[in-house]
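Sequence order for the protein chains is A and C. For the record, in the first sequence the residue sitting at position 41 is 32 according to the numbering used here, with numbers rising by one throughout. Every position in the second sequence, counted from 1, becomes a number in the numbering used here once 37 is added.
All clues given are correct.
Label pairs and their calculated CB-CB ranges: (1) ARG743/A to GLY64/C: 46 to 52 Å; (2) PRO670/A to GLU142/C: 37 to 43 Å; (3) PRO68/C to HIS674/A: 48 to 54 Å; (4) PRO670/A to PRO68/C: 45 to 51 Å; (5) GLN120/C to THR667/A: 43 to 49 Å; (6) ARG61/C to PHE581/A: 31 to 37 Å; (7) ARG61/C to PHE741/A: 48 to 54 Å; (8) GLY64/C to GLN655/A: 43 to 49 Å; (9) PRO609/A to PRO68/C: 28 to 34 Å; (10) THR180/C to THR667/A: 39 to 45 Å; (11) PHE741/A to GLN120/C: 53 to 59 Å; (12) GLY64/C to THR667/A: 30 to 36 Å; (13) GLU142/C to ARG550/A: 48 to 54 Å.
Just so you know, these hints were derived from the structure itself, not from any lab. C-beta atoms are modelled at their ideal positions from N, C-alpha and C, and glycine is treated no differently.
Read off the chains here:
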Amino acid sequence: MSISADHQRRPLESDLRDASSRFEAVLGAAEIGTWTWDMVRDRVFADRNLGKFFGQPAAPEGVPVSEFFKAIHPDDLPAMLDVLDRSMKSSEIKFESDYRVIQPDGGTRWLTARGGFQRDDSGKPVFMSGVLIDITGRKKAEAERDLLLQSEREARRQADALNERLNFSLSSLELGDWHWDAVTDIMNVSQRTAEIYGMPPSIGPTREAMRAVLHEEDRDRARVAARHAVATRSDYTIEYRVNHYTRGVRWVSVRGRPVFDSTGAVTGMMGVVQDITDRRAQEQSVIELSRKLRAQTAHFETTLSNVTDFVYSFDREGRFTYVNRALLDLWGLTLDQAVGKDFTQLAYPRDMAERLMRELAQVVATRRPFTGETPYTNHEGKLGYYEYIFTPIFDEKGAVSALAGTTRDITERRAQGQSVLELSRKLHAQTEHFETTLSNLNDFVYSFDREGRVTYANRALLKLWQQASLEECLGKSFKELGYPDDLAARHLSEIAQVIATRQPYIGETPYLTPDGTWVFYQYIFSPVFDEAGEVIAIAGTTRDTTERKKTEVALAAAREELQRHAETLEATVAERTSRLQETIGELEAFSYSVSHDMRAPLRAMQGYADALLSDYAPTLDEDATRHLTRIRKNAERLELLVRDILTYSRVAKENIQLTPIPLQAFLDNLLPQLPTLQPPVAHVRFKRPLPVVLAHEAYLSQIFTNLLGNAVKFVETGVIPLIDISTEDQGDSVKITVKDNGMGISPEHFERIFNIFGRVHPDKKFEGTGIGLSIVKKAVQRMGGVIGVESKLGAGSRFWFTLAKA
Amino acid sequence: MSSYTILLVEDNEDDVFLMKRALRGAGITNPLQIAEDGQAAIDYLAGVGAYADRTLTPLPMIVFLDLKLPYKSGHEVLEWIRQQPHLKTLVVIVLTSSNERVDLERAYKFGANSFVVKPPTTVLLQKLVESFKLWWLTHNQGTAILPAASDS
Chain A
-8 MSISADHQRR PLESDLRDAS SRFEAVLGAA EIGTWTWDMV RDRVFADRNL GKFFGQPAAP
52 EGVPVSEFFK AIHPDDLPAM LDVLDRSMKS SEIKFESDYR VIQPDGGTRW LTARGGFQRD
112 DSGKPVFMSG VLIDITGRKK AEAERDLLLQ SEREARRQAD ALNERLNFSL SSLELGDWHW
172 DAVTDIMNVS QRTAEIYGMP PSIGPTREAM RAVLHEEDRD RARVAARHAV ATRSDYTIEY
232 RVNHYTRGVR WVSVRGRPVF DSTGAVTGMM GVVQDITDRR AQEQSVIELS RKLRAQTAHF
292 ETTLSNVTDF VYSFDREGRF TYVNRALLDL WGLTLDQAVG KDFTQLAYPR DMAERLMREL
352 AQVVATRRPF TGETPYTNHE GKLGYYEYIF TPIFDEKGAV SALAGTTRDI TERRAQGQSV
412 LELSRKLHAQ TEHFETTLSN LNDFVYSFDR EGRVTYANRA LLKLWQQASL EECLGKSFKE
472 LGYPDDLAAR HLSEIAQVIA TRQPYIGETP YLTPDGTWVF YQYIFSPVFD EAGEVIAIAG
532 TTRDTTERKK TEVALAAARE ELQRHAETLE ATVAERTSRL QETIGELEAF SYSVSHDMRA
592 PLRAMQGYAD ALLSDYAPTL DEDATRHLTR IRKNAERLEL LVRDILTYSR VAKENIQLTP
652 IPLQAFLDNL LPQLPTLQPP VAHVRFKRPL PVVLAHEAYL SQIFTNLLGN AVKFVETGVI
712 PLIDISTEDQ GDSVKITVKD NGMGISPEHF ERIFNIFGRV HPDKKFEGTG IGLSIVKKAV
772 QRMGGVIGVE SKLGAGSRFW FTLAKA
Chain C
38 MSSYTILLVE DNEDDVFLMK RALRGAGITN PLQIAEDGQA AIDYLAGVGA YADRTLTPLP
98 MIVFLDLKLP YKSGHEVLEW IRQQPHLKTL VVIVLTSSNE RVDLERAYKF GANSFVVKPP
158 TTVLLQKLVE SFKLWWLTHN QGTAILPAAS DS
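Bound-form chain C, shown alone:
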C-alpha cells in the first residue's frame, strides 16, 4: 500500500505545506507528488512533457483534487480524468474550501469518489488525514492504475 503514489493537486503552497505536515503526522509514507494547476494535473496523468518519465512521476492511485485552480479548474480536470479509459478507476478525492452545493453536485456528477471540505484548523485536518489513512489506505480495496497503451 505504501508504495502507491498520491497526487495532490493544489496551487496554494500553504495548503500543500499543511497537507504534507498532516500526512506525515498521520504516518503516511506513500510518495506524494504535487501538481500546482489543473493543466499540470492533466499533463501529469497523461504523462506528457515534464511528466513523461513514469519512473520519476508514476501514475498515482489516489488524487487529492482542489477545485479552484489556475488554467483548468478541478472540475475540468475531473471531467478529463473520467474521459480517459485507463483512468476511470482512479480514486479522486475532492478537497476544497467550498461547501457550495453546486460544487459538490458537479463533483459527484463528474465522478468524484469523495468530497471533503478543507478543515479550518490543523487539528481537524490531522483528524481528517488519519481517517483518510484508515479508510482509503487500509480498508479500501482499490485497483492498480496501469499506464495507457500510448504511455509505454
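Chain A with its partners taken away, still in its complex shape:
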C-alpha cells in the first residue's frame, strides 16, 4: 500500500474502526490471521490472530521474519523455506505452504500460509503480505481418519494372522480320548485327556471326579447336553471350562457319543476332548477387536457427522467412498446414494464437476494437497461459498491409493468480507457527499477523538487553520494547530466534560483569525457514541457569531445607556416631583397666607378709608375725600386680584369629581343670580332643550359667569349686550358656544387673552384683573375639555369650549 493511499484511507479509519475490529473478530473466529512483511526493513506486521497462532505478543513496530521461522516445526521448515525461495524468485509460483508451529505450551498448530509479493521495478520483492489459516482442526481430522484407515488395515492383518495361527494349531491338534462305562461308572481317560482336565493324580478317574473339575457355571449345561445326546442317541459337542489344578480355568471342547448294547440300552459314553483355551482367547480377541473397531467407526462417523465441515474420501478415479453427514445434507442424499458416484454423477454443474475432477487428478499426479474455493448452490437452491482441500492418501508402498477431502462453508466469512468492502465503499461515497455538503457551509464542522485530536474538519475550518488539506491536520492537537494555550486547554477540558457528562457542550469564544481580526465563535461539542454506548469521538459545529455579538454588544450598550437615561430621568423626575411638591406646598402656604395675611391689611385699608369717609365727611375737603376714595378703590381692586389669583390656583390644583349636569336647568338656575345679565340691560338666549354634560358644578358656574360677564362688559357704549348660548353635538362631547355682540378681539390676541393678566383692553375703561379667562381655560381643561375663541375686532366674539357628554 502506498503512502498516499494510506493517507486517503486514514479518515476512514476511525469510522471503520468498528467494522475493522469486527472483521478481525470474524477472521479470528475463522482462525485466519493476516500479515505484512516489509522485506527491505525485514519487519513483519502481524494482526492479533496471527500473533495468537505464533504465541507472540502484539508488536506494532514489527518483528524480523526469523522470529516467526523459529516457531515453525523443524520437520516442516525446510519445505516452507523452499516454497518461499522459489515463489520469491518467480512470480509464476504461488507461495503456499502447510506447516506446524510449535506453541509456547509445547503443542503444535497446523497452519496454511498463502501470500503474494509486491515487487519493485526490477522485479525484486519488497513487500509480502498474506494470510495464515489455522488448519489444526482439519489436520487433526485427517490424522484421525488416517489412523482409522490404518487401524482397519491392522485389524485385517491381525485377523489373517489369526486364521493362520488357528489353522496351524488345528493341524498340530492333540486330542485326548475318553470312555465311560455306565454300569461301572468307570471313566477311562487317556493321558492327554487327564492333562487337559488337569485332575489331580490322587483322584480316580471317575465320571463324578471329572464332573467335579467342571466349572460350576458350566456343569448344568454339560449334563443337559449329555442327557440330550443319550435321549436322541446322537453325538454332542460342548465347550466348557474346567478348573485345571495347575493351570487354572481352561476351555475344553468335548465331543461325545452314547454307546449302546445290542438291545439298544445305553452302556456308556465315549468321546474326545481338546484344550481350546488358546483358540478361544484368540477368537475372543478378534471379537473384541472388531467390536472396538465398530465402536470407533461409529464414533468417528458420529464425530464427522457433527462437524459442519464436509469430510469425504474418493478412490483414485474420483468416486466418493465416504461422505459425512454435513455433506450429505448439503446434497440432500443418503450415504448409499452417494457412495460410488463422482461429481458428474452427483449432478454438479458440468464445468464445476470437470474442474473438480481435474483437481483430483492433479492431486494424484502431484501427490500434493490441493486447495480451492468454489460457489455451490445446494439442493434447496441456496448459494454458498466453500473452501476445500483435497489430500492424497498413500498406501504402504507410497502410492496414492485414495483421496480425502475437507470442505468448509465460508459463505458468511465471505459475506462479511464483502460487507466490509461494501461498507467502506459506502462510507467513501457518503463521506464525499458529506464533504461536498459541509464544504459549502460557512459553519465549521469537525470531529475529534477523545484526546482532542482532529479526525475531521470541513473546508471552511481548514481555511481558518490555513491548512491545505485535511490530511495535514489529521491527528493534530489544538496546540499543534496554533491555538493559544488557554483556548486549547479550555477546549480540552470541554471535551473531557462532554465525555464525562455524555451531554453536548455549548460555548462561545473570541478568536484571533490569521488575518488579525477578532471574531466571536459559538460552538457545540457533541458526544458520538459507539454501539456499546461509549463516547468514541466528539463532533462539533462552530458558527461565526461576530455580527450577532456586535449587535448584542451594541444592544447591551444601548440598553445600558437607556437604563442610565431612565435612571437619570427617574432621578430628574423624582427630583422635579419633589421640587414640584415643595413648590405646591409653598404655593399652598402662599395662597393660605394670601387669603389670611394679605387680605386682612386690605380690609383694614379699605375699612379705615371708608370709616374716614363716612365718619368725618363733613370735615373733609374735596381733595381729601377724593384721595380717600382712591385708597378705598385700590384696596378693593387689590382684593379682587387676590381673590382671582386664589381662585385660579384652587382651580389648577383641586381634585374634582365630574357629575352629570343638565345644562338647561343649570343655566335656568344660574342666570337669574347675575344682575348684569337681566333685561333690559342685557339679553341672554339659548335654544331648548340643552344636553346633559359631565362637569363640576362650581367650575361650570365659574366658566359661564366669566364668559357672560365678559360679554356684557366689553361692548361699545350704547350697545345692549345680546348673548346667544348654543350647543353642538360632537359625538362623545358637546361644544358649547357663547356668542356676543361685543367689540371683538383681533386674532393676534387670541392666545394672550387666556394667559394670566393677559388683558387686551385698557384698565381705565374696563375694570378687571385679567385673570378671568385664565381661570375659565384652566377649569375647562380640568374637566377634560378644550377652549377657543373666534372673533374679529368690532364683530363680536364666539367663545367655545367642550365638555364630555353625560
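We have chain A; now place chain C onto it with these hints.
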C-alpha cells in the same frame, strides 16, 4: 336678648375696630368682650386668671371666632369648647379670612354653628352684621350658657 355677652376672638385690632363699628352701625348693643389669642379665649371661657370674675367677664351666648390666632388656633379653641360639657350649646360663628375648604370642613366637624368669610369691604361687613343681628339675635332661639359647677 341685648343683655347677652358676645365674645369676639380676634387678634387683629383693625378687624376688631371694623367689627365694633359694624355692630354699632347695626344697632347691636350687647356687651362685647374681646379675646386677642386662642389661649385667652379658652381662659375666658374657662373663667380662669384674669377672667375669673364672671361679673366682669360673663360667659357669652355667642362667640365670633377667628381661625388664625396666636398660641392656640381657632380650630383648637373650638375643639376645646366642644369638649367642655357646659359649653356644648354655645353658639360659635367662625369668622375668618380663609375660604379654604379644609378650614371650613374642620370647623364644622369640630362643631361650629356657622362659617362666614370676612367680607372684603365695610359695606359688605355692615350687611353681614345686620343679617347676623336679624338671624342670631332676633329669630334664633338659643339656650342660656350657665357657668360650670367649678366656676361658682
